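J.: Residue numbers (this note's numbering), protein chains in the order written: chain A, 1 to 117; chain Y, 1001 to 1506.
Don't take each hint at face value.
Just a few of them, taken from the derived set where beta-carbon distance is under 7 angstroms, the chain A residues facing chain Y [to be verified]: (1) Gln-47; (2) Phe-48; (3) Leu-82; (4) His-83; (5) Tyr-84; (6) Gly-85; (7) Leu-88; (8) Pro-89; (9) Glu-92; (10) Asn-106; (11) Cys-107; (12) Thr-109; (13) Phe-110.
For the record, the hints were derived by calculation from the structure and aren't laboratory data. Given the structure is predicted, the values throughout are model-derived calculations rather than measurements. The beta-carbon is built from N, C-alpha and C at its ideal position, and this holds for glycine as well.
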Amino acid sequence: MKKVNIVLALVLAGLVSLSAQAVEQRAWHKEVIGKDCKVCHDNGIKQFPSDQACLQCHDVDDLAAQTARSEEDKWQNPHNNLHYGKDLPCQECHGEHKSKKPLCSNCHTFKFDKHKE
Amino acid sequence: MSNVDLLGRRNFIKGMGAAAGVAMAAPAMAVSEKADGVKWDKEVEVLIIGSGFAGLAAAIEATRKGAKDVHIFEKMAYFGGNSAINGGLFAAPGTPMQKKEGVEDSVDRMVADQLKSGRGIADEALLRHVASHAVEALQMTIDAGAEFHPYLQQLGGHSVARTYQTTVSCGAGITQPLYKECKKLGVHTHNRSKFEGFLVGDKGEVLGVKMRENYHFGEDQPGKVLKIRAKRGVIMATGGFAQNVDLRMAQDPTLTSEVGCTNAPGATGEGMYEMFRLGAIPVHLAHIQSGPWASPDEGGFGYVSNYSIYNFPHSMAINRLTGKRFMNEIADRKTRADAELACRDEQGNPLPPILITSYKDSKKHPNTKKVIKYNVGWKFDTIEELAKHFEVPLKPLKAQIEEYNGYVKSGEDKQFGKNMTKAKDKYIEAPFTVVRLWPKVHYCQGGVQVNTKAEVKDSFTGQPIKGLYAAGEVCGGIHGVSRLGSCSIPECMVMGMTAARSVMKA
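Same shape as in the complex, but just chain A (with noise of 0.2 angstroms):
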C-alpha cells in the first residue's frame, strides 16, 4: 500500500506541476510537438485527449504492422489483438504524462518489450 501512496503522491505532484509548466513529456514527442498542449489536448487541456488526437500523427495499421508477431501468437499484436481488434484506444496501454502498463498484462504474462511504462 504504501508504495501505491508514493507512486500516487509522486502523480497528484505531477498533476500540480502542470499548471506550473514541467510536465513530463515523452522524448520523441518533445522534438515534434513541443510545448503546444493544444496538439493532443483536443478536448480542452484540462481533460484527456480524445481518442482521436494520437491517430492524428499515428496510423493504427502501420503500428499493427510494426508490432506484428509470429502466425502462432499472431493475436498477440496489441495493435490488432483477438480481444478488441485495432479498435483498443491508445491511452489504454500509453500515458503521456504517466507510465502505464499494457492491458493485456491484466490477465497474460507475455512481454512487450519495447513498450515504454
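Put chain Y on the given structure of chain A with help from the hints.
T.: Just chain Y, lined up with the frame of chain A:
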C-alpha cells in the same frame, strides 16, 4: 463521493492473501431523477447500455425488427465488456454438431441439468425460454461470422456434450463479429459513456437516462452529462459486479481479494444497483460463482482457464499436501471451487492444488503450447521431477496415479464418482503437463428480476417497470446457486434478443 475498491489483479499474483484493494477515483453517485420539465440533449429510438453479448445481440435484433436509430453506450474505452475476455463457450440443445456426433439432447435435458446445479432455486421458466431459443442465438453468432471448433465439449455438470467453443477459445470470437455486424447495420456505438441514472416519468416509467460523455474509467471524469430520451425503451446489459470487491463482500464475505477475478475491470455493478433504487427486485445476490479452472500464476481468465476446462475430464486434480485427489474433476463449479479453497498448508495458507494431465492428451488443446511458453504451466518427463517441483509426497502420488488409471480402465471412479466417458483410454502417463488451480470470482448469479420478456419487475407492484428491460449477467435468479459453464453466453444472447423484441413491440 464514495470510494469503490477495485481489485488489483496483478497484486494477487505477486502475493496471495496480501491486501489488494486499490482505491480508484470514485465515480459520482448515479441518481435517478424525475424527468419533469427536463431539457433533453438528445433523443434516440432504442437505448442500450453495455456492449457485451447481451447488448450487441439486442442491438442487432432491434435493427432486424425495424428499429432505425439504435444506440449502444459503453462505459469503458473499448467495446465487448466482459464478453470479450471469457472462454467463448456456448451450450445449446439439439444442435447440428450434436446430431453429427450422435448426442441425444433436448431442451428438457439441458434445463434439468441446470436445475440440478441451481440446487432448487433456479428460475425454470427463464431457463426453458433460453434453452428453447439457444440454437437461434447460436445461429445469430454464426451469421455474423463467428467460427467454432469442430468438436463438442462436455463441461462440468452437463449430462451430455452440448458445448460449442469459438476457434479462438474466447468470447471475442463472438463479440468481434457481433460488433462488426452492429457497425454494418448502422447501430450507433458510443464508448467512454458512463450511465449516471434514469430519468423517470410521472408513473415511474423510464423515459431516458443521464449519460456522462468522455468518461475515463478509474480517472477523474470531467466529461459533460447528457440527458438522453429513449423513445422505445432502455435495455440494461451492464453485466455483473464481480470486480467490485466491496459489493461482492457485502453479499459473500468469503470473496475477499484473496480470491482473484476473471472479469473485465468494468464489471462493477452500478447499473444493477441503480435499477434497485428504481424499484427492481434483487434476487440471489449472494450467489457469486468462482471458476475452479483458473490459475494463480496469471491474472484474470488468462490462458490456463480454457486449458483446464478442456483437460479436466481426462486429468487428475491433486492436493499437494497429501498427494491425493480431492474432488471430482468435472463436478459443477461450486463443488470444485469449494474443494480447491480447502486446499491449504498446515498454517492455513492457500496451497493451490495441481492439475496433472498426460501431455499426449493435453496437447490437443491449442492453449497447451502457450501455457508452457508463458510459464503458467509446466511439462515434466518423470513423476519424480513433477513431485519435487511442487513438493508433493511422491509415494502417495504414485499410488494415486495407479489407482486412478484403474478407474480409467474400468470406467468407474470409486473415489469421487466422476463420469469417465471422456477419460476413456486416456491414462495418466509421462510426460505430464501441470497447471496450478485456484478459484477466481467469475460470475454473479444475482441481479434484477426479469420475466421471459426481459421486462424488469417492480418490487412493490409486481408489474414490469415501463420502458425498462434487462438482459445478461445483470439479471438474477435464472441459474440459482451455481451456473453451469457455457450457459451464460446463450442466456445473454437470447435475453438480449428477447429484450429487443419486447422493446420493438412496446
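J.: Taking each numbered hint in turn, which are not upheld by the structure, reported in ascending numerical order?
T.: The structure conflicts with no hint, since it agrees with every one listed earlier.
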